[in-house]
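Enquirer: If you're matching them up, the sequences are chains A and B in order.
Per numbering that gives the first Met the number 0, the first sequence runs over residues 0 to 407.
Per numbering that gives the first Met the number 0, the second sequence runs over residues 0 to 407.
No lab work stands behind these hints: they were computed from the structure.
Be aware that a few hints might be false.
Note: identical chains are not told apart, hence a pair may lie in one copy or across any two.
[To be verified] Here are the simulated lysine-lysine pairs, DSSO-like style, with alpha carbons at most 30 angstroms apart:
no.	residue 1	residue 2
1	K122	K109
2	K208	K17
3	K190	K1
4	K1	K252
5	K1	K221
6	K261	K17
7	K261	K51
8	K122	K208
9	K51	K17
10	K122	K17
11	K324	K51
Number of protein chains: 2
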Amino acid sequence: MKLVVHKYGGSSVADAQKIINVARRIGRVRDSGAQVVTVVSAMGDTTDDLIKLAHTVSQEPDPRELDVLLSTGELVSCTLLAMALRDMGYDAVSLSGFQAGIHTDTTYGKARIYGVDAQRITKELDRGRLVVVAGFQGITEAQDVTTLGRGGSDTTAVALAAALHADRCEVYTDVEGIYTADPRIVPEARKLLEIGYQEMLELASSGAKMHPRSIELGAVYKVPIYVASTFVDAPGTLIHQGPDEHQMENRIKVTGIAYQAKIAKITVRGVPDRPGVAASLFEPLAQAGISVDTIVQNTGMERMTDISFTVNRSDVPRALQEVQKVLPVIGAAEVVTDPSLASVSIVGAGMQNTPGYASRMFRILADGGINIELITTSEIRISCIIKEEQVRQAVRLLHQGFHLDREP
Amino acid sequence: MKLVVHKYGGSSVADAQKIINVARRIGRVRDSGAQVVTVVSAMGDTTDDLIKLAHTVSQEPDPRELDVLLSTGELVSCTLLAMALRDMGYDAVSLSGFQAGIHTDTTYGKARIYGVDAQRITKELDRGRLVVVAGFQGITEAQDVTTLGRGGSDTTAVALAAALHADRCEVYTDVEGIYTADPRIVPEARKLLEIGYQEMLELASSGAKMHPRSIELGAVYKVPIYVASTFVDAPGTLIHQGPDEHQMENRIKVTGIAYQAKIAKITVRGVPDRPGVAASLFEPLAQAGISVDTIVQNTGMERMTDISFTVNRSDVPRALQEVQKVLPVIGAAEVVTDPSLASVSIVGAGMQNTPGYASRMFRILADGGINIELITTSEIRISCIIKEEQVRQAVRLLHQGFHLDREP
Chain A
0 MKLVVHKYGG SSVADAQKII NVARRIGRVR DSGAQVVTVV SAMGDTTDDL IKLAHTVSQE
60 PDPRELDVLL STGELVSCTL LAMALRDMGY DAVSLSGFQA GIHTDTTYGK ARIYGVDAQR
120 ITKELDRGRL VVVAGFQGIT EAQDVTTLGR GGSDTTAVAL AAALHADRCE VYTDVEGIYT
180 ADPRIVPEAR KLLEIGYQEM LELASSGAKM HPRSIELGAV YKVPIYVAST FVDAPGTLIH
240 QGPDEHQMEN RIKVTGIAYQ AKIAKITVRG VPDRPGVAAS LFEPLAQAGI SVDTIVQNTG
300 MERMTDISFT VNRSDVPRAL QEVQKVLPVI GAAEVVTDPS LASVSIVGAG MQNTPGYASR
360 MFRILADGGI NIELITTSEI RISCIIKEEQ VRQAVRLLHQ GFHLDREP
Chain B
0 MKLVVHKYGG SSVADAQKII NVARRIGRVR DSGAQVVTVV SAMGDTTDDL IKLAHTVSQE
60 PDPRELDVLL STGELVSCTL LAMALRDMGY DAVSLSGFQA GIHTDTTYGK ARIYGVDAQR
120 ITKELDRGRL VVVAGFQGIT EAQDVTTLGR GGSDTTAVAL AAALHADRCE VYTDVEGIYT
180 ADPRIVPEAR KLLEIGYQEM LELASSGAKM HPRSIELGAV YKVPIYVAST FVDAPGTLIH
240 QGPDEHQMEN RIKVTGIAYQ AKIAKITVRG VPDRPGVAAS LFEPLAQAGI SVDTIVQNTG
300 MERMTDISFT VNRSDVPRAL QEVQKVLPVI GAAEVVTDPS LASVSIVGAG MQNTPGYASR
360 MFRILADGGI NIELITTSEI RISCIIKEEQ VRQAVRLLHQ GFHLDREP
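Bound-form chain A, shown alone (with noise of 0.2 angstroms):
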C-alpha cells in the first residue's frame, strides 16, 4: 500500500474550520487507499504566544522548561485533528514526538535528530490507522522533550517520511510552492514544478518556506518532497533529486533569484598583513554563536589589509563587542560598520561550470544602477551584497534579465 507523509503548518490548522478542512483533505487520501502519516504545527501563532508567556515568569525562561511548554502547542494540533478525523469516521490516533519514537540530542530549543524508532507509528499503520504527529518535538535519551527549532515540523516529516520509506512527504503550506523569485517582489515569478535539493536551499526565500535542516535531510535519504498550498487546489513544487543530475546540459541554468535582507557589513581597517589575524578575529565571534557569513580580504599598500564580513543585522552589537576586544591584540586601527545591506542572488545547478553567468548578472545590476559591495558564489549560486534599498529592484531586473517569466 502506497504510504504519504503530510505535513501541515500552523496556518493551515490555525482554528477549528480549518483543521477540518485539513481532516478532509487526508480522509480523502485514505479513501484513495493510501495509509498516512500526518505532521502538524501549532495552531497559527501559538508558538509565540507561549514564548510570550514564558517569559511573563522567567526573564530568561530556561531553555528545557521553554521546550517542554512549546511541545504543548503541537499536542494540542495533533489532538484536535485526530479528534476531528473521528468525528469523520476514521480511525486515528495522535502521538507525541516521544509516543512517535523522535530520538534528539540534548540541545534544547534546535535540538538534532539522531535517529527515528518507527516501531510505534507501525504498529499502529498495521492496524489501519491514520497517523497524527506532533511536529517540532523529540525526546532525549534522558526522556526530556525536546525542540527542533522553528520550522522544524517539516524535518520531523521529513524524517518520518525517511524512517518509513515512504513514497513521498507532502508539505502543505499558505503558498502554492517555489518560485523563480519571490512573487510578493515578482509578480511574474514562475512557480516551478520540479527543483533539486540544493537549488531548493539556496531559494528559500522564493515561496514557500521550508526548514532547511529538512532539505538536508532529504536529500541524504532521498525523501522527495512536494510542497503546495493547503487553500488552494493546484499543482505545487517537487523537491527531489531531480533535473540537476540528469537533464543538466538541456535546461535553463539559472532556476530562480533568490535575497535576503538585513545583513550587515563589518569592516576592519588597517589589520596587519600577517598569519593568525583572521583566526584571532573570528575565533570569538564563533564562540559567541556569531553567525558569520560572506568574508572578504582587501590586501592593500604597506602589508596592511582590510577585512569585512557579513552578519544578520541583530547581531551587529555583540559582534562589534566581540570586535572591539581582539583590536589591539591583532593591532587593527578601526573598524566600520554598514547595517542596512542585502544579498540577492542567482541560482541555479551546474552554474558553475558554465561560464557567463557571472558576468551577466553583474552586468544587468550595474545597467540597474546597484553598486555591489561584495561577491561569493558557491557551486549553484551567485550572490551580491548590495545595498537593502535597491534590493527589490535587484531581484526584479534579475529575474527579468535571465528570462525567468519564460517557460524553460
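Starting from the known structure of chain A, fit chain B onto it as the hints suggest.
Expert: For chain B alone, kept in the frame of chain A given last:
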C-alpha cells in the same frame, strides 16, 4: 532531610504573578532546609477551555485524544513554575506525569493510578533540585497519556507523597481549610484544625474541595494531608489518621454538617414483593453507569411495595429510560420523580456507637418545619433527604443545634 509534597490548584497558579508568588512560597520552604516536590493543576480555567476547544472539532471528542489535550494544561503550568523558580536562583526541574512515573490504567478521563515509579524524582531530589510535577496526568503501560479526572492533581500529590515517604502532603487552595459547615451558608462555621480521613470524605462540601480518591489514598498509605490557603497566612486543616482513633471518648462526636444539592428521588410504585425485583431494577442502572445513592423500600399492603432511590439530578432522564424498560418485566405500576431534593448530613467519628444523635437531628429539623423524605446512615454519618429549597436552612439549624460554632 525533611521532604514535603506541595500541591497548588488552578486558582493558585491562574496567572504569571500568582505563579511567581507560588515560586516564592516554595523557595522559602527550600530555604528552611526541606526538599520539596510540587504538584500543580492547570492555570485557572484552562481545562474547561481545552474541553471547549475539543468540541469545536468533534461532537464527541475521543477520550484518548482528549486526555492528551487536557494534559497540556498542567505541562504549561509546571514548566512556568519551574522557570519562575530558576529565575529566583533555585535549581528546579519540571516533570510530566510520564516522567514522574505516574502509572495508570487505561480508563481515559478518570484513570486510576496503579503505581508510582519515583526513580526520576528521587534522582532529581538527590541532585538538590526542586521538582515540579504536572498533576492530573499519568501514562499507561503502552505509554499513552491519561488523566485522573477533575481534581485529580490532589490524587497525584498524595500518591507521590506516599511513594516518596514524604513527611506530609500540603494542599494549597483558595480556601483556608475544612470547616464545620459550608462558610457560605453558615457564617459562624468554625475551621477545623484536624479531621480524620473518613470524616473528611463526608465533609467534602464544607470548605476546601478535595478529590475523594486523594483522601482514600491518604487513608490507605497514612499520608498526613494539610489543607491551607495559598493566599492567606493562616493555619489550615490537618487531615490525618487522627482524633477519631485515640481521642474518641472525650471529644464532641459531631465534626461538621455536610450537604449535597441537585438530588432527585425516583419512586417505582406498586412493585410485587418477590425476590429478584430489586436486582432487575438496579442492574440496568448500573450497566448504564448511573450512580444510585440512597435506596429505600417500603413494604405496603397486599404484597406490594414502593422502591425509592436517589440519583444526581442530571442522571434523571437516563435513569427513567432504564426504569421504564423494566417496569413491565417486574410488573410495577408506575414511576414518579421528585427532582428538587438535597441531602443534609451530620458527620462525626463514632456517632454510631453513641445513641441519641439521630433523634436529636430529626428533632432539630422537625422544629424548623423541615420534612424528611428519606434517611440513610453510615458509620460516621447520618443523612436526611429533604426539599432542596430548605437545605441552607437545615445546614444552619443543625450547625447551631449541635453547637458547632463553639470550640469543643
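Enquirer: Would you mind marking each hint as holding or not holding in the structure?
Expert: How the hints compare with the structure:
When the C-alpha separation of K122 and K109 is checked against a cutoff of 30 angstroms, the pair qualifies both within a copy, at 29 angstroms, and between copies, at 26 angstroms. Taking the closest pair of Cα atoms, K208 and K17 come within 30 angstroms of each other only inside a single copy of the chain (20 angstroms); across copies the shortest separation is 39 angstroms, beyond that limit. Taking the shortest alpha-carbon separations for K190 and K1, only the intra-copy value of 27 angstroms comes in at or below 30 angstroms, while the best inter-copy value is 67 angstroms. In this assembly of identical chains, the alpha carbons of K1 and K252 never lie at most 30 angstroms apart, being 34 angstroms within a copy and 73 angstroms across copies at closest.
Within a single copy, K1 and K221 get their C-alpha atoms as close as 17 angstroms, which meets the 30 angstroms cut-off; across copies the closest is 57 angstroms, which misses it. In this assembly of identical chains, K261 and K17 lie within 30 angstroms of each other by CA distance neither inside one copy nor across copies; the values are 33 angstroms within and 40 angstroms between. Taking the shortest alpha-carbon separations for K261 and K51, only the intra-copy value of 24 angstroms comes in at or below 30 angstroms, while the best inter-copy value is 42 angstroms. Taking the shortest alpha-carbon separations for K122 and K208, neither the intra-copy value of 32 angstroms nor the inter-copy value of 42 angstroms comes in at or below 30 angstroms.
In the homo-oligomer, the alpha carbons of K51 and K17 lie at most 30 angstroms apart both inside one protomer (24 angstroms) and across protomers (16 angstroms), since each shortest distance falls under that limit. Proximity of K122 to K17 under the C-alpha cut-off of 30 angstroms is restricted to the intra-copy arrangement: shortest distance 28 angstroms within a copy versus 44 angstroms between copies. Taking the closest pair of Cα atoms, K324 and K51 never come within 30 angstroms of each other, the shortest separation being 34 angstroms inside a single copy and 56 angstroms across copies.
Consistency with the previously given hints fails for numbers 4, 6, 8, 11, ordered from lowest to highest.
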